[in-house]
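Enquirer: Taken in sequence, the protein lines are chains A and B.
The number in our numbering is simply the position in the first sequence, starting from 1, with 520 added.
The number in our numbering is simply the position in the second sequence, starting from 1, with 520 added.
Please note that the accuracy of each hint is not assured.
Identical copies look the same in the list; a pair holds intra-copy or inter-copy alike.
[Said to hold, decoys possible] Straight-line Cα separation of at most 25 Å, DMTMM-like style, residue types lysine to aspartate or glutamate; simulated pairs:
#, residue 1, residue 2
1, LYS733, ASP707
2, LYS572, ASP584
3, LYS666, GLU728
4, LYS572, GLU552
5, LYS572, GLU728
6, LYS572, ASP787
7, LYS718, GLU590
If you are wondering where the hints come from, they were derived from the structure by calculation, not from laboratory data.
As the structure is a computational prediction, the values presented were derived from the model and not from experiment.
There are 2 protein chains.
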Amino acid sequence: MMPSAAFARRRFPFDAPGYKTRSPAAMRNLTEDNMTDAVIAGIGEATDARLKEIMVRLVGHLHDFVREVELTEEEWLAGIRFLTAVGQKCDDRRQEFILLSDVLGVSILMDAINNRKPAGATESSVLGPFYREGAEEMAAGANLSKAQGGEPCIVSGRVTGPGGTPIAGALLDVWQTAPNGLYETQDPQQPDFNLRGKLRTDTAGRYEFHTVKPVTYPIPDDGPAGRLLGALGRHSYRPAHIHFIVSAPGYVPVTTQIFTEGDPYLDSDAVFGVKSRLVARYVRHETAADAVERGVTAPFHTVDYDFELVAEG
Amino acid sequence: MMPSAAFARRRFPFDAPGYKTRSPAAMRNLTEDNMTDAVIAGIGEATDARLKEIMVRLVGHLHDFVREVELTEEEWLAGIRFLTAVGQKCDDRRQEFILLSDVLGVSILMDAINNRKPAGATESSVLGPFYREGAEEMAAGANLSKAQGGEPCIVSGRVTGPGGTPIAGALLDVWQTAPNGLYETQDPQQPDFNLRGKLRTDTAGRYEFHTVKPVTYPIPDDGPAGRLLGALGRHSYRPAHIHFIVSAPGYVPVTTQIFTEGDPYLDSDAVFGVKSRLVARYVRHETAADAVERGVTAPFHTVDYDFELVAEG
Chain A
521 MMPSAAFARR
531 RFPFDAPGYK
541 TRSPAAMRNL
551 TEDNMTDAVI
561 AGIGEATDAR
571 LKEIMVRLVG
581 HLHDFVREVE
591 LTEEEWLAGI
601 RFLTAVGQKC
611 DDRRQEFILL
621 SDVLGVSILM
631 DAINNRKPAG
641 ATESSVLGPF
651 YREGAEEMAA
661 GANLSKAQGG
671 EPCIVSGRVT
681 GPGGTPIAGA
691 LLDVWQTAPN
701 GLYETQDPQQ
711 PDFNLRGKLR
721 TDTAGRYEFH
731 TVKPVTYPIP
741 DDGPAGRLLG
751 ALGRHSYRPA
761 HIHFIVSAPG
771 YVPVTTQIFT
781 EGDPYLDSDA
791 VFGVKSRLVA
801 RYVRHETAAD
811 AVERGVTAPF
821 HTVDYDFELV
831 AEG
Chain B
521 MMPSAAFARR
531 RFPFDAPGYK
541 TRSPAAMRNL
551 TEDNMTDAVI
561 AGIGEATDAR
571 LKEIMVRLVG
581 HLHDFVREVE
591 LTEEEWLAGI
601 RFLTAVGQKC
611 DDRRQEFILL
621 SDVLGVSILM
631 DAINNRKPAG
641 ATESSVLGPF
651 YREGAEEMAA
661 GANLSKAQGG
671 EPCIVSGRVT
681 GPGGTPIAGA
691 LLDVWQTAPN
701 GLYETQDPQQ
711 PDFNLRGKLR
721 TDTAGRYEFH
731 TVKPVTYPIP
741 DDGPAGRLLG
751 ALGRHSYRPA
761 HIHFIVSAPG
771 YVPVTTQIFT
781 EGDPYLDSDA
791 VFGVKSRLVA
801 RYVRHETAAD
811 AVERGVTAPF
821 HTVDYDFELV
831 AEG
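One chain only, chain A, in its complex shape:
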């Protein structure tokens, strides 16, 4: 990947002449002006080069931030307490630092940088904190929902390579919330692995599964990340979506989300993840006859979405 313009403009302190010969005496009587160089100079020469690059930039930005806002001791302590609370909110089922990264746009920015795609290929979106490994592989047409409630929905489409070449045997790892807006890992009332499953495409590259129509939901806002959203006057809603990881041998896997046309939060997603080409049209079917033909109950929805993968290498 190409370094960004900002990267190219910036000078590394350790590129400066004399960097390696900096005297350790510089580590005393440090001031606002030379503190950053001193911390960077303290990094040992045997340090992994990538870790060093990351830490040089991190320390530089952290110090610039403190200098620019002239952070007070009270504000610093509030920051320490906030970060501590974020860490302590994390457990086996909740990752509050990922949530914080999501609501500050860091996750989707990182996603964009790591998943630059050619035109036509399905765009990526954030994995989010609710992915769970080990979902069951199901037959085509299987129902991901193991519980009652919600409007039935049939999701189908194709997985192709560039130019629409069908990919047989592609794997779709799918997960979504229940009609109450909660993933099964957030909700002890739901069956284990409810609304999670893996599907494979047929020889024509087609996939199909039954589920319930995804709903708009708030991200968990009862912790520090939610308090921050509140203080910033932001809501915590995400537009309805279904998560997919689509993979096939010889192709670059894509982690993405398919959103619902008409959702009121498409333009104010709490985690900034919406792309127009990831928005799909859900068709509502009202009649019992249609429902019987498709093996569901009315009213139900159908949605058709095609994924296009990029060839590896």
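Model the placement of chain B on the given structure of chain A, informed by the hints.
Expert: Chain B in isolation, oriented as in the chain A frame:
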């Protein structure tokens, strides 16, 4: 306080014409280039102005960091796990985020920004994570040490205002490690509030207390902050010091540390806190006669250090 030069050079995105009229449609199809503006534009107009300023700068620096290093997903996840571990290492007796702030030079930078002093006034240094409120006020000459071991030490000096005017009744809140390098809060073997105490100056502005000679010690390096130090090829030692908060009515209190002349870590303090004018000379006394006269046992040390406070207002 004056904004720094870096602050003055930088343009706030929200200073740009049209900022307030940004369309919410900008929140869809975000890219590496416009993500930062979108996150900032999402901050509500009713948000506290200072919080907004802090968050605008924070998001800007965080995003610039991610773009400049082109942070990979694996590195991002390593960062998430590191921060989570830092938060989960914190408890009633340990504040790993303060330790992280200390070893990255953030605490001492923030200290420098918030405690700019005129020439002659005693410089500040970091509070550190081991301060404890509620230490007992002791009579002049009292011994802070409630345990055996260590070389006796008599600390004395004056607290003055500008120009050497003595301050009577100034309060010195003092704390230090035991001879094993641990603060009493880190060490269940030590008596409660061992090596912590408050002293007042007499009418001549003089103070005196007995203690044990402070030792060089490593900051707690069995947690994530310590692992980071290791990965950066840095040691975890601090030069020996005694912590003081010196205050008096009508004067700006100073939080500082008095270091020991000759300590091998004065020029490589793990938390970057040493200033030459905070280094004091410990005089070693060998004879039993001297010891008897001063009410201690030989060998013992004496150190004399004067604090100069800045008048308020």
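Enquirer: Against this structure, judge whether each hint is valid.
Expert: Structure-based check of each hint:
1. LYS733 <-> ASP707: For LYS733 and ASP707, only the intra-copy Cα distance (18 Å) is at most 25 Å; the inter-copy one is 57 Å.
2. LYS572 <-> ASP584: both (18 Å within a copy, 17 Å between copies)
3. LYS666 <-> GLU728: Within one copy only: 17 Å inside a chain, 75 Å across chains, cut-off 25 Å.
4. LYS572 <-> GLU552: Intra 22 Å, inter 24 Å, cutoff 25 Å: intra and inter.
5. LYS572 <-> GLU728: Neither. Shortest intra-copy (47 Å) and inter-copy (46 Å) distances fail the 25 Å Cα cut-off.
6. LYS572 <-> ASP787: Between copies, since 21 Å is at most 25 Å while 38 Å is not.
7. LYS718 <-> GLU590: neither (51 Å within a copy, 31 Å between copies)
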